[in-house]
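Enquirer: Given next are the chains, with one letter for each unit.
Number of protein chains: 2
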Amino acid sequence: MPKYTKTDFPVENVCRLLEPGPVVLVSSAHKGATNIMTMGWHMAMEFQPALVGCIISSANHSFEMIRKSRQCVINIPAADIAATVVKIGNSSGRDIDKFDEYGLTPKPGRHVRAPLIAECYANFECRLVDASQVRKYNMFIFEVVKAHVATSPKVPKTIHYRGDGEFMISGANTRKYRRLFRPEML
Amino acid sequence: MPKYTKTDFPVENVCRLLEPGPVVLVSSAHKGATNIMTMGWHMAMEFQPALVGCIISSANHSFEMIRKSRQCVINIPAADIAATVVKIGNSSGRDIDKFDEYGLTPKPGRHVRAPLIAECYANFECRLVDASQVRKYNMFIFEVVKAHVATSPKVPKTIHYRGDGEFMISGANTRKYRRLFRPEML
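Chains as they are written, first to last, in the numbering used here: chain A, 1 to 186; chain B, 1001 to 1186.
Honestly, the hints are just simulated from the structure, not real lab data.
Check each hint, because a few of them may be wrong.
Which residues of chain A face chain B? A partial, calculated answer using Cβ under 7 Å [stated by the list, open to error]:
hint, residue
1, N90
2, Y137
3, R182
All values derive from a computational prediction rather than experimental measurement.
Using N, Cα and C, we set each Cβ at its ideal position, and we do this for glycine too.
Using the sequences and the accompanying hints, generate a full structural model.
Expert: Below you can see the structure in the form of structure tokens.
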């Protein structure tokens, strides 16, 4: 399992890790129990406050835990734990304790009771700030109130879902188009 | 410029192209004018109807065109036109005709007046079905009513934004974790 040293990360920059579309793990805590789910449908909504919209199906065990506790942690796994990410998405917290079952380490957050997953590259502590779209769309709007990001590697290999059991693993980064940006767009 | 042969694509599967997080081009038409914007903040919201949530800043010239026409096309560019994608995002339809300026070909849609961009790998014709979150979050909820996807290549190299002028180009696809899926999760 990977071990990371993490540093505080400006919450207004969390979109830089979410916008490329990685599969994330959402951890939650409610009434003494914890859980983890795998999630692919999310988007950055605002820089500051750092808002993230997420679709969490009401069929998930995490749905009520997050709705009631009004908190979660969005964790970004790298490709080295891809098999674990798939297993988490294909099992239910109704049946097992996923931290135990998959050998993951819960770490206490600074602002939320939901646990951070130590084996993930980044951890974003989130508060549910708008539940108005939950009933209609299963859409939760979170504010990232604290972000922890690994100091190394600088760019992780992230996992991107393509449906039907197929994943894309992130490729090379390039800054060669940067000269085409207007300064205010950077 | 790339040339694609396209085929009809089931709208309930458009999430397979959007979920990995590619930068997209949003084309629109209103009162005889067309425009294109570059967009990174989007997510799949439902399979059927095929819903997509998008954040479009009110500072964009496209904002009012889409809000008033209640239509757009979400186009997925591949890495071969990455420089054009950046230029589109760094110029305004207030000043130029982007189809002309960047040598892109508008194609008529089947269900919307907004033009498809022929040089993009995929084109999703969209109707604005819920504008209730526009004022608060600049969030538009679209239904994809028709999808056109290139027959080749099977998997395009897509462009993923990492902020500060940096992009990730999609890497290899893998099906090696497929055996870990429960059948109903595929």
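Enquirer: A separate judgement is required for each hint: does it hold in the structure or not?
Expert: Here is what the structure says about each hint:
The criterion of a C-beta within 7 Å of any C-beta in chain B is met by N90(A), whose closest approach is roughly 5 Å, and the hint holds. At about 6 Å, the closest approach between the beta carbon of Y137(A) and any beta carbon in chain B falls short of 7 Å, and the interface hint on this residue holds. Here the hint on R182(A) is kept, as its CB sits about 5 Å from the closest CB of chain B, short of 7 Å.
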